[in-house]
Amino acid sequence: MPSMKDLQGRDRPTWCPGCGDHGVLNAVKLAMVNYNIEPHQLLIVTGIGCGSKLPQYMWVNGLHTLHGRDIPIATGAKLANHKLYVMTVSGDGNTYGMGLSHLLHAARRNINITSVVQNNQVYGLTKGQYSPTSETGTVTKTSPPPAGAIEQPVRPLALALIAGATFVARGFAKDPRYLADIIGKALMHRGYALIDVLQPCVTFNRVNTYDWYSERVYKVEEQPGGYDPTDFAAALEKAQEWGDRIPIGILYQVERPTYEDHLPAIREQSLVELGVHRDMAELERLKREFM
Amino acid sequence: MPKNDLTFLLGGEAGQGIESSATGFAKAIAHAGLHIFDLRDYRSRIRGGHNFAQIRVSAEPLTSHRETVHVLLAMTEEAVRRHYPQVPAGGAILYDEALPVEDAIWEAVQARGVQRFPVPLRKIAEEIGGAVVMMNTAATAAAAGVTRFPFSYIEEIIRVNFGKRGEAMVSANLKVADAAYRYALEHYAGSFDHTIEPIPGAPPRMLLNGNEAFAFGAVAGGCRFAAGYPMTPGSPVLEWLAGHANQYGLVVKHTEDEIAAICMAVGAGHVGARALVPTSGGGFSLMVEALGFAGMSETPVVIYNAQRPGPSTGLPTRQEQGDLLFSLWASQGEFLRVVLAPGTHEEAFEAGWRSFNLAETYQTPVIVLGDHFLATSSRTLEPEALDLSAVQVERGKLLSPAELDALEGEYYRYAITEDGVSPRAVPGHPKAVYVGEGNEHDYQGRIAEEIEDRVALNAKRLRKLETARQSMRPPKRYGPAEAPVMLVGWGSTVMPALEALRILNAERPTAQYLHITDVWPFPAEAVAQALGEARVTIAVENNALGQMARLIRQETGIRLEHFISKYDGRPFSPEYIVRGVREVLHA
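Sequences listed follow chains A and B, in order.
In terms of our numbering, the first sequence opens at residue -16 and continues consecutively.
In terms of our numbering, the second sequence opens at residue 6 and continues consecutively.
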């Protein structure tokens, strides 16, 4: 079982002091400790953005890729070696902007990967432009007054549910233990898991601060009457709840065969284990198809 | 009496079954021991328009079609109007008796000395088969009849092709074929000179197109993963692989877009599976960002670009060799990519497996530039022509689990080496925990912006350019070495060019052909040496700008003197090349 110390990276994070990314980093490490996942058993594929540098700041297999493309890259990695745990970690601009179509397709495929989205409702690394999850009217350098952001914000959890995700959750960067529990459960879940993380950008987002969230978030399982995460209609309602009260926790979790389950080629061995060897007699038979 | 040396052209609308019946007809003739070259020409639409298959038959191996058509098998008036000028004296037009063809055309046909063979194709299909769609069965059977090709071969193919659709389907098609065959034989065979006679004892041969040859080569070379978004003419590779996935241990993914396709392949390649992306130029354009990521993160991946005319969606179902220079420089920044341009079916097969060796050896993307003509034209090949015994698997500096177990000290993914290639480990081993990086990084894979790191890592990656040059094959030379004219081409141009050499050199050595298959890193010395031995040099390219000629000039300083260009969306014919050479010589 790895310890938090085993998962320590060589470099200190370059994130701003107080950034929610620190909370996500801690939560990922904690999930690995709690669920006994060794660094070599997990591959964290990231996109582009401050938070996407996460694998650099811990001891784990990482692949720091392109803006918005972490999900298809992770999908290919998972299909090539489905015995690895595969996770994506990226921001809202990356995943809900450029990568939104990939997210929806991953959900409908139910590919067995976990996506953690660091949602701070702003573009941090490019210095403060509005993001797909910014509220309508948000004023930034690319959404100047008087209108501010004109579009409706993306509601990622509702989209993921509609697309067919089998695990949909929300965490809060201020509570890494709770987030770690969700991440661990998502990694153990067979199928596509989306975890949206409320994660204040202390430099560029002066509205959605830790305090702003702290006043609003509640855990679904602690609400009066409890919560049934297999109830799709209830999950869809919770996924769209946003304002005075914001639900966190596992909103939805059901079992459905994963994409890999439908692939006879990898039923026994992963593609990597199958290697590159070819049986010549088998290939000679294949030749005869052309005759 | 001309025997076993003729071309059929089966022309009609999309949706009339031209594609499949031409395939069956070609196969039947191949089964009789004859050689085939089968050219396909079709429009970007599902029904209507004008499509044709041009099936050349010979007792000798073929590498190309010819412009001349001896039997025009016309399913529509348009097919007569478009193609009768290709039929020489002694040739024939077989057509449905009810086709509304203008008198003026028939007069022109007669003036050429071409015979008209009307057959009640539609009537036979409707009255005997019960369905108009069987007209194509009737047409090919009639073509067999006039050339006295034994019916048993047609029967065999009908049984195979329709077998899966039930005995009633087989029997109806057989009856239609028999009636049309007998009609044509009785009415016209006596007045037609060309015949096809089976060659007894001929060995069984394969009949396949370049896409199939490449896909088969990829499977032979250990391809385990393919992802793509359908785009003509690359998608048949995806389809063929999907059809063989379960049997041969592949995962084949039809993705949401081309960006996802290459990203999945890069992900699979990073983890250690041999991964392929079949596409065409428009799809490749979308993939360029991920191409650069593969270059920076040093991830092996193979991209097959079956070129077609661009820019944009261009001519979606037609031929061009317009993506050469784009392939060399696609993506921002400088990094090694290997570019191969197979020109024949044999080379397409070899590129199928060799591309993975190069991708893994140099840990970088490999682009295989096919083109529409190669992708969609079928040829008969001896089974040995796709040489399985030549297939080798070279994974380069890929560390095995045992090697990693024995590793002393830490593993550094991007270790600085003399040849630029770092030992590679795939994720999953406790001693090979690292971050693959798309940002600039140091030898450990840590994001780095210091001058020393940038220079060291960029230089390391670019050293692979010179290392990989050692794997590049010199161009192939065809034709008499003393011939004064050297034609220079790449890709499928080699196939009509070889036929053009036979025509040009029939009396005295006139032309030779320099065929460049390994395009990048450019085999500059070997090309320069070959060109130095020529008196007259002519680039022959299916593009307008002479991209290979420009590349040769860039890499060797040698300027090719002449250029036979074709960018009308159609492939070279041997005759076109011959005319071009003669123009140069007589200018």
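Be aware that one or more of the hints could be misleading.
Claimed, not checked - Quick list of in silico lysine-lysine cross-link-like pairs, PhoX-like style, CA-CA up to 20 angstroms:
(1) Lys124(A) x Lys110(A)
(2) Lys180(B) x Lys169(B)
(3) Lys180(B) x Lys128(B)
(4) Lys436(B) x Lys66(A)
(5) Lys436(B) x Lys(-12)(A)
(6) Lys168(A) x Lys202(A)
As the list claims (entries may be wrong) - Beyond 10 angstroms from chain A on every Cβ pair, some chain B residues (computed):
(7) Leu213
(8) His249
(9) Val256
(10) Asp262
(11) Cys268
(12) Ala280
(13) Phe298
(14) Ser394
(15) Lys436
(16) Tyr439
(17) Asn444
(18) Ala461
(19) Arg478
As the list claims (entries may be wrong) - Which bits of chain B does chain A cover? Going by a derived footprint, with three or more residues having C-beta under 8 angstroms, they are:
(20) 50 to 62
(21) 187 to 194
No lab work stands behind these hints: they were computed from the structure.
The beta-carbon is built from N, C-alpha and C at its ideal position, and this holds for glycine as well.
So, going through the hints one by one against the coordinates:
1. Lys124(A) x Lys110(A): holds (9 angstroms)
2. Lys180(B) x Lys169(B): holds (18 angstroms)
3. Lys180(B) x Lys128(B): At roughly 13 angstroms apart (the allowed maximum being 20 angstroms), Lys128(B) and Lys180(B) satisfy the hint.
4. Lys436(B) x Lys66(A): With Cα atoms ~17 angstroms apart, Lys436(B) and Lys66(A) stay inside 20 angstroms; holds.
5. Lys436(B) x Lys(-12)(A): holds (17 angstroms)
6. Lys168(A) x Lys202(A): With a Cα-Cα distance of about 16 angstroms, the restraint between Lys168(A) and Lys202(A) holds, given a limit of 20 angstroms.
7. Leu213: Leu213(B) not clear of chain A: closest Cβ-Cβ about 5 angstroms, inside 10 angstroms.
8. His249: violated (7 angstroms)
9. Val256: At roughly 5 angstroms from the nearest Cβ of chain A, Val256(B) sits no farther out than 10 angstroms, so the non-interface label is violated.
10. Asp262: violated (7 angstroms)
11. Cys268: Incorrect as stated: the minimum Cβ-Cβ distance to chain A is 4 angstroms, not above 10 angstroms.
12. Ala280: violated (7 angstroms)
13. Phe298: At about 5 angstroms from chain A, Phe298(B) fails to clear the 10 angstroms cut-off, so the statement is violated.
14. Ser394: Check fails; 8 angstroms does not lie beyond 10 angstroms.
15. Lys436: violated (8 angstroms)
16. Tyr439: Check fails; 7 angstroms does not lie beyond 10 angstroms.
17. Asn444: violated (6 angstroms)
18. Ala461: With a cut-off of 10 angstroms, Ala461(B) remains clear of chain A, as the shortest Cβ separation is near 18 angstroms.
19. Arg478: It holds; Arg478(B) is separated from chain A by about 22 angstroms at its closest Cβ, greater than 10 angstroms.
20. 50 to 62: n = 0 at 8 angstroms, threshold three: violated.
21. 187 to 194: violated (count 0)
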